[in-house]
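Student: Spelled out, the chains give:
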Amino acid sequence: MNILVCVKQVPDDFAKVHLGENGKPALEGIDKVVNAFDTYAVEMAVRLCENHGGRVVVATIGAEEEVRPSMVQMIAVGANQAYIFAPNTADGDESSVAAGLAELVKKTEETIGESFDLIMCGKESTDEISSQVGAMLAEKLNLSFVSSVIDVKPAEAGLCVKQETEEGSASYEVSCPAVVTVAKPEYDPRYPNLKSKMAARKAVIPYLSDALTPVQPAVRCMNYQEPAKREAGVKIQEKNAVDAVARAIALMADDKVL
Amino acid sequence: MGYIIGEEAKDLLRDVKEFCEKEVKEQIKEYDVSGEWPRPIYEQAQEMQLHMMDVPEEYGGLGLDHITQAALVEQMAWADAGFAVTMNGNGLALKPVLISGNEEQKKKCSEMIVNGGYGAFALTEPDAGCDASNGKTTAVREGDEYVLNGRKCFITNASVADFFVVTAMTDKTKGTKGMSAFLVYKGTPGLSVGNHENKMGVRTSTTSDLVLDEVRIPAENLLGEEGTGFVTAMKTLDLARIWCAVIGVGVAKRCIDEAAAYARQRVQFGAPIGKNQAIQFKMADMEIRTEASRQLIVHALTLADKGLPFSKESAEAKCFAGDSVMQTSIDAVQILGGYGYSREYPVEKLMRDAKIFQIFEGTNEIQRMVVGRSVIGKI
Ligand SMILES: Cc1cc2nc3c(=O)[nH]c(=O)nc-3n(C[C@H](O)[C@H](O)[C@H](O)COP(=O)(O)OP(=O)(O)OC[C@H]3O[C@@H](n4cnc5c(N)ncnc54)[C@H](O)[C@@H]3O)c2cc1C
Chain B
1 MNILVCVKQV PDDFAKVHLG ENGKPALEGI DKVVNAFDTY AVEMAVRLCE
51 NHGGRVVVAT IGAEEEVRPS MVQMIAVGAN QAYIFAPNTA DGDESSVAAG
101 LAELVKKTEE TIGESFDLIM CGKESTDEIS SQVGAMLAEK LNLSFVSSVI
151 DVKPAEAGLC VKQETEEGSA SYEVSCPAVV TVAKPEYDPR YPNLKSKMAA
201 RKAVIPYLSD ALTPVQPAVR CMNYQEPAKR EAGVKIQEKN AVDAVARAIA
251 LMADDKVL
Chain A
1001 MGYIIGEEAK DLLRDVKEFC EKEVKEQIKE YDVSGEWPRP IYEQAQEMQL
1051 HMMDVPEEYG GLGLDHITQA ALVEQMAWAD AGFAVTMNGN GLALKPVLIS
1101 GNEEQKKKCS EMIVNGGYGA FALTEPDAGC DASNGKTTAV REGDEYVLNG
1151 RKCFITNASV ADFFVVTAMT DKTKGTKGMS AFLVYKGTPG LSVGNHENKM
1201 GVRTSTTSDL VLDEVRIPAE NLLGEEGTGF VTAMKTLDLA RIWCAVIGVG
1251 VAKRCIDEAA AYARQRVQFG APIGKNQAIQ FKMADMEIRT EASRQLIVHA
1301 LTLADKGLPF SKESAEAKCF AGDSVMQTSI DAVQILGGYG YSREYPVEKL
1351 MRDAKIFQIF EGTNEIQRMV VGRSVIGKI
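One line per chain: the protein sequences are B and A, in this order. Residue numbering for the first sequence follows my numbering, starting at 1 and increasing by one per position. Residue numbering for the second sequence follows my numbering, starting at 1001 and increasing by one per position.
Think of the hints as simulated: they come from the structure by calculation, not from any bench. Among the clues, some could well be false.
Under the rule of at most 27 Å between Cα atoms (straight-line distance), these lysine-lysine pairs were calculated in the BS3-like manner [claimed, not checked]:
1) A:1378 / B:184
2) B:229 / B:256
3) B:195 / A:1107
4) B:195 / A:1022
5) A:1010 / B:32
6) A:1275 / A:1235
7) B:195 / A:1174
8) A:1022 / B:32
9) A:1306 / B:195
10) A:1017 / B:202
11) A:1378 / A:1312
12) B:202 / A:1010
13) A:1017 / B:184
14) B:195 / A:1378
15) A:1106 / B:195
16) B:16 / A:1174
17) A:1108 / B:184
18) A:1312 / B:16
19) B:16 / A:1022
20) B:32 / A:1025
21) A:1010 / B:195
The structure presented is a predicted model; accordingly, all values stated were derived computationally and were not measured.
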């Protein structure tokens, strides 16, 4: 099975991001990591290939030097090959990113000379959290699509995928090729071992500088606003717990919270 | 400033740091309380290959340079000293094999470690601690076999080891020249693990007695020649002491980080306590000692790498780093005040962990003997 995982590099989601003087998120000094959901997708893909054969290709859109460490990391945790594509748009909206990825899929298939049976994306990226790109990509490629997948197994007609739902999960059979977006499975992605990391650092990761057609995004972000600062609130300063609880309940009753 | 390392090493250090912060640092607390050996964490660490840094590249190892290794081991010790001691225990056991073993022995023990096994180095006995030459364990040659009898104590990793390097007297009349070193594998009849130590610190490292009762091993399990066991053990300790110092530095660095974080946020008399010169000077001394320890380590490693004599320098590094981490941990507890004394905060553990670095792999009195004698020369 040939699997392509679309990977996005994002600012470390543990770091607090504020707006800079230009009104945009100030990302200097914040570590760049692979979007957590994409790491789940890569782990799922690698496990699938380890158990049933196949290969995992990862690809990303970004500036070569900036995103290479993330691609190295994905090779270190089991991806067989990585490609970096120069951006097709600056400040692209979801649709233009999906258009870029659709082209990326085709170009990668041409490069390796084989087509993909499965294309995986994270269900969302931890910086933008729009959850749209995977679905739009499936639409643009005209392929079957399942979102929030937490498990994938080969099945007669293609793949059996388990989707996370509000209440539990649902299983589907999908024909290949298909696009799925991945949620947090039961397991955690592996850490790279030292040897694989050293080997991955030496990997040749092709940079395709003009493979994607430039796109003008139809939706443009005008400006960002930080969430309103929390107001001062009320301090409960009673000395013992019983009095403090009584005061808290009284305050909530006054405000008709209770 | 830490060790000066290249881009690749920085990359590896980042991964190890992430692993230590996410999988070790917090998880280890309950094991420190219970004294249980944290097998699941160690299995994960093995997957990352943190247990095999001493295995030479030709036997399936990583081929890391020693300064890179030091940076990684320091990071592991920062998360938990017992974790680093456990992983490093493999290196301690493998060193005598690499120093005196033949090709087959080197290959076999290296493979055991690479495949997730553990090694243990058994020199200390109830009556032979600092005076390691006073061992009572015997090995008697009978045909193609040696028969070993005796009791070892305080053996790191004994309860989980797949192979043991055991020193035993093959000729009691010859003193240290009558000591030999042997490879004994887990499961050999007569070999058993005795009393487990309920320790003050490094509680996530297992330390036990090792009992040898009519243990028969093939004669080919002898490491090097008969009578070379003491020299093998001393050469092993010369090297191992540097790693002991590295682990101590990791603990010291954690003390510094915890104390600095606390000094920034704890307000007394209307200002963070870190604004007091008394606290700043304490922090400065903690940092100076720790950085000096690192540089003694680098010096000893550089000499060893160049094939120059380094016994004195490794003793200096071990002794200084051991005394330093002890003092630094006491200072960290002091900076946290009553909270430093509480088990709710991490520094009391660091103080318990720190003490071992003045004791094992040669007490600091022994290190001072080595350095002092070397300075004075023959009298
Ligand atoms: C957690 C832990 C792990 C260990 N792991 C291992 C291991 O894996 N393998 C192994 O073989 N051993 C191991 N040891 C043993 C360790 O190396 C010994 O405990 C150490 O060498 C000291 O021996 P001792 O405890 O018998 O102390 P003793 O030798 O009884 O010393 C007691 C005190 O007297 C001092 N002293 C002794 N002789 C002199 C002298 N001539 N001049 C001045 N002072 C002196 C010592 O410095 C010390 O302060 C471990 C010990 C511990 C606690």
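Student: Between residue 1108 (chain A) and residue 184 (chain B), does the CA-CA distance stay at or below 27 Å?
Tutor: The hint is violated at about 41 Å.
Student: Check the hint pairing residue 195 (chain B) with residue 1107 (chain A) against an upper bound of 27 Å on the C-alpha distance.
Tutor: holds (19 Å)
Student: Given the hint that residue 195 (chain B) pairs with residue 1378 (chain A), test it: the Cα-Cα distance must not exceed 27 Å.
Tutor: With a Cα-Cα distance of about 47 Å, the restraint between residue 195 (chain B) and residue 1378 (chain A) is violated, given a limit of 27 Å.
Student: Is residue 202 (chain B) within 27 Å of residue 1010 (chain A), Cα to Cα?
Tutor: holds (15 Å)
Student: Does residue 1017 (chain A) pair with residue 202 (chain B) here, judged by a C-alpha cut-off of 27 Å?
Tutor: holds (22 Å)
Student: Are the Cα atoms of residue 1275 (chain A) and residue 1235 (chain A) separated by 27 Å or less?
Tutor: Violated, at about 47 Å.
Student: Within 27 Å, alpha carbon to alpha carbon, are residue 1017 (chain A) and residue 184 (chain B)?
Tutor: holds (23 Å)
Student: Need the status of pair residue 1022 (chain A), residue 32 (chain B): alpha-carbon distance at most 27 Å?
Tutor: Holds, at roughly 17 Å.
Student: Taken at face value, is the distance from the CA of residue 195 (chain B) to the CA of residue 1106 (chain A) at most 27 Å?
Tutor: holds (20 Å)
Student: Mind checking the alpha carbons of residue 32 (chain B) and residue 1025 (chain A) for me, to see if they're no more than 27 Å apart?
Tutor: holds (23 Å)
Student: Sort out whether residue 1022 (chain A) lies within 27 Å of residue 195 (chain B), counting only the CA atoms.
Tutor: The hint holds at about 21 Å.
Student: Would you mind confirming whether the straight-line C-alpha gap from residue 16 (chain B) to residue 1022 (chain A) stays at or under 27 Å?
Tutor: At roughly 18 Å apart (the allowed maximum being 27 Å), residue 1022 (chain A) and residue 16 (chain B) satisfy the hint.
In this structure, the hints that do not hold are numbers 1, 6, 7, 14, 16, 17, 18, in rising order.
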